[in-house]
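Trainee: Chains as they are written, first to last, in the working numbering: chain A, 1 to 343; chain B, 1 to 274; chain C, 1 to 334; chain D, 1 to 288; chain E, 1 to 629.
Note that these hints are calculated values from the structure, not bench results.
Beta carbons are placed, not taken as given, at the ideal position from N, Cα and C, and that holds for glycine.
Hints may be right or wrong, so weigh each one.
To be verified - In silico EDC-like cross-links for lysine to aspartate or glutamate, where the CA-CA straight-line distance does not exceed 16 Å:
1) 256(B) with 202(A)
2) 143(C) with 14(D)
3) 163(E) with 54(C)
4) 164(E) with 54(C)
5) 572(E) with 545(E)
6) 531(E) with 39(C)
7) 109(B) with 183(D)
8) 256(B) with 16(A)
9) 480(E) with 41(D)
Claimed, not checked - Now the stretches of chain E that chain C is said to cover, found in silico as 3 or more residues with beta-carbon under 8 Å:
10) 38–45
11) 49–60
12) 243–256
As the list claims (entries may be wrong) - Over 12 Å on every C-beta distance to chain C, these chain D residues come out as not near it, computed from the model:
13) 6
14) 43
15) 187
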Amino acid sequence: MSAPLAKVADAERVLDVANLRAYYQTWHFGVSRDVRAVDGVTLHVDRNEIYGLAGESSCGKSTLIRTIVRAIRPPLAVVEGSVRFDFGGRACDIYALDRARLAGIRWRHLSYILQGSMNVLNPVRRVRESFVDFAFRHIGKPMPQFLALVEDHLARLRLDPAVLGSFPHELSGGMRQRVTIALASVCRPDFIVADEPTTALDVVVQKDVLALLREVQRQIRSSMILVTHDIGVHANATDRLGVMYAGRLIEEGRTGEVIREPRHPYTAQLVTSLPRIGDIEPKQGLDGAPPSLAAPPPGCRFHPRCPLAMEMCRREHPPMVEVAAGHRVACWVKAPPGGMAAP
Amino acid sequence: MSALLDIDRVGMTYVSGTLLARRVVRAVDDLSLRLEAGRPEIVAIIGESGSGKTTLARMILNLATPTDGVIRFRGTDVAKIRSNHARADFMRQVQPIFQNPFEAFNPLKRVDRYLFMSARRLADARGAEVDALADRALHQVGLSLAELRGRFPHELSGGQLQRAAIARALISAPKLIVADEPVSMVDASLRMSIVNLFRSLRDELHVSIVYITHDLATAYYISDRVLIMQRGRAVESGAAREVLANPQHPYSRLLKASVLSPEDAGKPTIAANT
Amino acid sequence: MQAYAIYALKRLAQFVLVVFIGINLAYLISHATPIDPVEQTVSAATSFGNASPEAILMMRASLRELYGLEGGAVSQYAAFWRRVLVGDFGPSLSAFPTPVSTLIGRALPWTVGLLSVSTCLAFALGNLLGGLAGYFRESRILKLAGIAAMAVHPIPYYIVAFVLLIVFGYLWPVLPISGGYRINTPWGWNAEFVLSVVTHAILPVASLVLVGVGGWFMGMRSLVSNIVSEDYVVYAELAGVSRGRILGAYVMRNALAPQVTGLAMSLGSIFNGAIITEQVFGYPGIGTLLIQAVHAGDYSLVIGIASVSIVAVSVAVLIIDLLYPLLDPRVKVA
Amino acid sequence: MFTVLRDLLRYRTEFRFGAILTGFIAAFAALSLVSPYPPQDQFVVPPDLPPSWSYWFGTTSRGQDVFWQLTFAIRNTMLFGLSVAVLSRLVSIAIGMWSGYKGGIVDRLLMSVNDTFIVIPLFPLLVLFYFVLRDRMSWPLLALAMASLGWAYDARLIRAVALSLSSREFTQQCVFSGMRTREIVFQEHLPYVLPIVFYTTMNNMNWSIGLEVTLSVLGFTDIDTPTVGVMIYWANQHTALVAGVWWWVFFPVLFVMILFIGLFLLAISTNEYIDPRSRLARMGDVSG
Amino acid sequence: MHALRHLALALFLAMCAVSASAEELISDLPRNETLIVENPEGTIKNAGWFNIWAINAGGQSTGLHQLAMDTLWYLDPQHGLDGVWMNSLAAEKPIYNADFTEMTVKLRSGIYWSDGVEFTADDLVFTTELHMKTNGLRWSAPFQINVASVSAPDRNTVIFKLKKPNSRFHSLFTVRWGAIWIMPKHVFEKVADPLKFDFNKPVSLGAYVLHSYDPNGKWFIWQLRDDWQRTTLGRYGKPGPKYVAYVDPGPPDKRVIAQLNHELDIIHDTSAEGMFTLAKQSKTSRGWFKGFPYAHPDPTLPAVIFNLQNDTFKDRRVRWALALLIDIKAVSMASYRGAATISAIAIPPTGTHTESYHAPMEAWLRDFELDTGKRTIKPYDPNIGRQIAEMLRPSMGEQIPTSADDIARAFGRGWWKPDPAAASELLQAAGFTRRGNDWMTPDGKPFAVRLVVEGDLRPVMTRAGSMIAQQWRQFGIDAKTEVAQGTLPDRRQAGDFDAMISWSVETYGGHPDLSYFLDSWHSQFVAPPGKMQTPRNWQRWASPELDKIIEQIRSTGFDDPKSVDLGREFVKLAVREMPIIPLMAYNVFTVMDQTYWTGYPTAEGDPYTDPVPNWGNSRAMMVRLKPAK
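Could you put together the complete structure from these sequences and hints?
Mentor: So, in structure tokens, the structure goes:
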């Protein structure tokens, strides 16, 4: 499967996120704070692509996708912006749906692979029961046929149908994650959100699981958002890549382009600091720490750590500017608005 | 040349369960490794979870006792170090670095407390010496006491904390540092500064480092020697660059093949290993 | 299966330990008593009758022999365990020569009945309401129920029972306040007897349930409010699984295991409540017997009751522990 | 600690209510210091008078002023609960922290004993205790007995915290900083345990006062020392309720209920405060 | 939420159903044929045990010894059905030989056991011989000590040959509260071990047989025998109640509630306040006295008992000082709310004793002089009974009697006037000193008295003790009560006390003979310190003067008028020496409900017996009770 090279038309968009802001609004014993975990993110995902979301811990990437699938509960709240899905022509704002319609969409059109394979399956229910709970009502077939269908699905993903009779704790971490992928895909949804699906897996297993994920995506031709902090995973699994820093999207483009020609200083640092086998070039790390999302610095949030920072960066937040086809960057230095800056 | 650390055919067997249903887990099996004194080096021990590398680290640090074989530090059987005095002496020379910098300090206590404590207890510093020692150690890792004094862990970044932890380990001028996955919980952008620090510790302070990791890339980047472990056994070892550039053992090859490199970006052609 | 056997053996060992320590405590404490059962009997036998001093001296000697109070501390202790192991606590000294076990056997069914009914009711009711209250946080009725449970829960059994007694036995006398059944009702499985047993049990059971329900309610509610943020619940909600199914199969089902552990842990104190309740409502049972034994200075009966209650509670705990893996499949490897 | 109290008082309704109720009871108990009558003396006032301006809570059939009697009773009851709580805290901290830090066989042995104490029904043992001591039963002794029986559950809570602390990396960091075990346990770990100690103190007070009331009402304590239970005991002796002297029972029951609810509210609100997630939120960790 | 509502509804309905069914207390028995009596023993642990000859194995006051047992004689504490003395199984009074070494009993004929077997001399002989050869039966010891041999020359005559002279041997077979009950030979001769035999169902010699009982010991129901004429009660007419239920009604307040609901015909005892409540709220309830003080005075005498082996109390002046510090009016108020019958002398002011002792000795008491060391005082105040009456009159109104006789009967006559000055003088004379507010013993230690009381087992006496301690405390003595609950008997026997509230004086009530308690006060029975004291000389008083009196009584016949004179000698000695401070009669608030039954014994109506229903004599009530409607 190769990534679509041409700029995709709006009509093919499955997900459209516009200027989304989601804050953790907490009040604890007199300390009231807004944690601006997602602060003005705009992105879209096209049909049949895997969109990668990268960023380091606490950059807001998990919050972003939680907000996208409306899996939020207080203190997290959407402050501004919209999330629109388009499943085969029926566009909808996920925050405008009532409970019943939302339940109708879930799993049938929009499914989810969660971080932390240990806990996503009900520990006291066998895997089979989870399949029944999650998918039975969408399939619309009597139980025996449904179970046969599930077994077929597992077989297609080269999983032993015997796992259906197991409890989650009886499976290895990799196997649990595979089961979760099968569970998320059994209804052949239009859109799958995968949050750190391979974190905490060993490298060998990680590769297998990623392969399975791509395999599933290829088979059912759904769109997918894949969130992970591991650039290596993105490089190998995603079509397009968005990089987040301190609650904002700072760079976005085709994965190969972003990794090979990062524009944003942060992205560049992230990519070039990674050692590779066979490469003994001295590499430098980045000093400092990401800012607190409760009290982010003014202007570009990266400026305190940025080697290129200038006066403007300290004052105002840079807008996302398209520097190449489908490649957008938010940086006063590398992508000043109104003109393509030199890479 | 005498050995700094001599791991001689060490094995570790855990027994779980009760008398009636023993389950024997062979965490480490017949493993040998020798670090020479006077030739500081970084030895990477590579393996995935369950390969026994953390158990090995615990045995070197005398937090666990091997069931077979002997670990000698400068000729002394580590497992026989029992008295408080001997333990303190051992800790002066061998220090650990832990995996999670956020966990390595008590969140309710100030970070400098541990530096001062080490200075007093392990380096026998008194009065102004204590501050001086702490400050010197912090400078060795690119920090200063002024930055750190009175700060709580949550006020510092993971990178700073990990450096502080390393500085603390350095206070007693140890000969050996055992670092168990020291960068796996550190953000990628901060990771290299820590890794580079290890290199400078070896080169400038002549500290030998046992670097335990599952990350082949950083191992390749800084270590002199590697030892690849699988299910408690050493499957391959040798000079780092040689082994990692051209692994011989099937498991080593599999490991190497599984590494997802950013190089592949734009060609998402990932395939399962099996 | 083998894993379960290990688990069961561990529990069994704990059970044996509990019983051993418990009975020893009871033995040690009670053998420190300054009360001489012979003097108790003598004074009871002579408090109304006319007996000459010489006769009493003679009576003392023969009672001492009859009660088997001779022998050293070690041999008495050994003899005690020899008898206890076969369930024999010797004759009651205040109902000589009736065996202690006979007296306890007569009282135990009442206590066990009272306790099992009220515990099950309180557990079921408290967990059900607590589960609902934890899941439907916005419901006003459930909030009120929570406040009510919180208000009653910390009040000691005695006070609750006492207030119930006043209200339903005195201010609005609709319920019997004494005894286990109506006087002169023939025993057996006939409607009259059963009905009278039920009506007599209402107040004792109600007092125990009222106090017990709050603990389960609050425990369940806080468990549930933690569990609803567990990944598997979030995941199921994301999947659009119905709320009823989530509440039942995901939330409550997972909260049940710790609650059942809590049940096992709290059986001892529940038992305390039963003793008091029996006392307040003049209900037959172990508690009534214990208080009588104390007043009569009958230490073989006191030890017997303390031991039997320890064993009974431990057995109940053991049963719960042994059934626990059914609730939580993860335990097998423990 | 001071800021904790301030925060709780300012922001937790439950805590505020609990503090008000408990404070009210404590203030009431303090009045015993200025009582015009010694607590044991009878017939110092006309018996059986209903509440009035001269006798706010009425008088008993023993010719005692319920108001002043109750100040002593509440004081003794609270002191009792507090002594049991403090004594049993010492045991549960010692056992819990030792067991949790040491782990292994020490832990298993201690916890087996501990579980035994959790499971054993204590009431028969306390009655037994009374049975043995009878007239020598005084409240310090009873407090001692209850403290030696009532530590187990809380020791388990403390041990759970200590166990998780001992496996945390910072504990190893402490070891390799040259700290001694005692220092690690008392300086590094104790701060994590203290909130639990605080929380269980109030629960334990509730528990011990409840048992004391019950034992006293049944006459299994020293009936010469006025406590709430002893007051009810004497009221029962004089069949106060059927004799219409309801105030003799009503006020002690009311006050002890206020005390219970007050302590209970304090306990649950503190419990929420020390909940790790809530603590993190206050310490400023960002979740994202 | 729906579940909640349903639950509430279900609970409500259940309540309604229950309240409808909670009306009748006793199932299946016609209420108007049933007498419901409190069994003061409470719940009987071992309900199925009716072998009364085994010690403490089962209940006694369950109706067993009142209704099913019988023996030779009854001595009523009040006036009796036809006199104080009742020949029950015996046809006449005991016949002693001259030196009291042989007692002959003539038995009635025509008395039958409830299983139809006739009662004969063989039963009495069997009872005696079984006790003589078996250790550990309730009366084994007195038989073994007294009886050399027993024989029955014919079926109506039994001759006891005694081991040594005993003029009071018949008292063993004379019911005061209870006595030696006669065994059915035809039952017990088949029993291998009489100690282990439960005698269930009991064969009765009384007018009632066991109908049913609660295995949990809460109630026992007895039914009138069809052949009630063939029992010793038969000659007094048909007993009124067809059924008598002895129940455990619970604590005092529940007893009051039960009688207010007419579910308990006779309350054995309740608190003074409970009695007042019943008197106020129930028109049909009444006590022994129609008005105040209601209670029946038992022929026992609660007193402050000193341990005379304790150095502090060896000096009679100290004992007297403590007596003069007691304000008996306050004690009467504290213990009985005024409903006490006080006594200054060591004889219970009950039954016929007031005529034999209290009234005749009044003059002597008035003239009694006490030397305080500085002066001589007359401590007796004859008006205290009247003062108590006057004190109560404002609140109790016309319930308080007005005539001097009635007041004396209800509240007692006089007592010792509180006299702290005299007490100080006495103490100083005895070598005590005053330091500030506190008294010191001659050896310079604080004068401390621990007054042992029994707690809620005898609340009234505990209340009295608290008051006395308070009065001593106010005088500067470190006095406190110590609650002994069930250990009181142990401590009393062991002499492990300074002073205690208890009684060492018990009498027949209806008969002036004092040997019932006095014989055991002989110094031959006083144990050395630290050893067990046998009943009843708990004060361990050894007095040669007293011994002389006792020895004279021993050689005087039971009905000999001379024994009353000897009794008065004892009283005078006891006043002078004050080994115990007599307080009052042990008043029992027995309350009788006349809703279903009338004809109860009462002080001013027909005082034919003591109404306290656990006394063996209370069987006399059955033949006088009549249905109310």
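Trainee: All hints are to be evaluated individually against the structure, with a verdict given for each.
Mentor: Now the hints, each set against the structure:
1. Annotation: proposed proximity of residue 256(B) to residue 202(A) holds, straight-line Cα distance about 12 Å (limit 16 Å).
2. A C-alpha spacing of about 14 Å is found between residue 143(C) and residue 14(D), which places the hinted pair at or below 16 Å, so the restraint holds.
3. At roughly 13 Å between alpha-carbon atoms, residue 163(E) and residue 54(C) fall within 16 Å of each other, so this suggested pair holds.
4. Between residue 164(E) and residue 54(C) the CA atoms are separated by roughly 13 Å; this keeps the pair inside 16 Å, and the hint holds.
5. Of the pairs offered as hints, the one joining residue 572(E) and residue 545(E) holds, with about 11 Å between alpha carbons and a cut-off of 16 Å not exceeded.
6. Taking the CA atoms of residue 531(E) and residue 39(C), the gap is near 13 Å; set against the 16 Å cutoff, the hint holds.
7. A threshold of 16 Å between alpha carbons decides the hint, and for residue 109(B) with residue 183(D) the separation of about 13 Å falls inside it, so the pair holds.
8. Note on residue 256(B) and residue 16(A): the hinted pairing is violated, with a Cα-Cα distance of about 38 Å set against a maximum of 16 Å.
9. A threshold of 16 Å between alpha carbons decides the hint, and for residue 480(E) with residue 41(D) the separation of about 11 Å falls inside it, so the pair holds.
10. Counting residues of the segment 38–45 of chain E whose beta carbon lies closer than 8 Å to any beta carbon of chain C gives 3, which reaches the threshold of three, so the coverage claim holds.
11. Interface restraint, the segment 49–60 of chain E with chain C: holds (6 residues with C-beta to C-beta distance below 8 Å; minimum three).
12. With 6 residues having a beta carbon nearer than 8 Å to a beta carbon of chain C, the segment 243–256 of chain E meets the requirement of three or more and the stated coverage holds.
13. With a least beta-carbon separation of about 25 Å from chain C, residue 6(D) lies farther than 12 Å from that chain, consistent with its non-interface assignment.
14. The Cβ of residue 43(D) sits about 27 Å from the closest Cβ of chain C, beyond the 12 Å cut-off, so the non-interface label holds.
15. In this structure residue 187(D) is separated from chain C by more than 12 Å, as the shortest Cβ-Cβ distance comes to about 30 Å.
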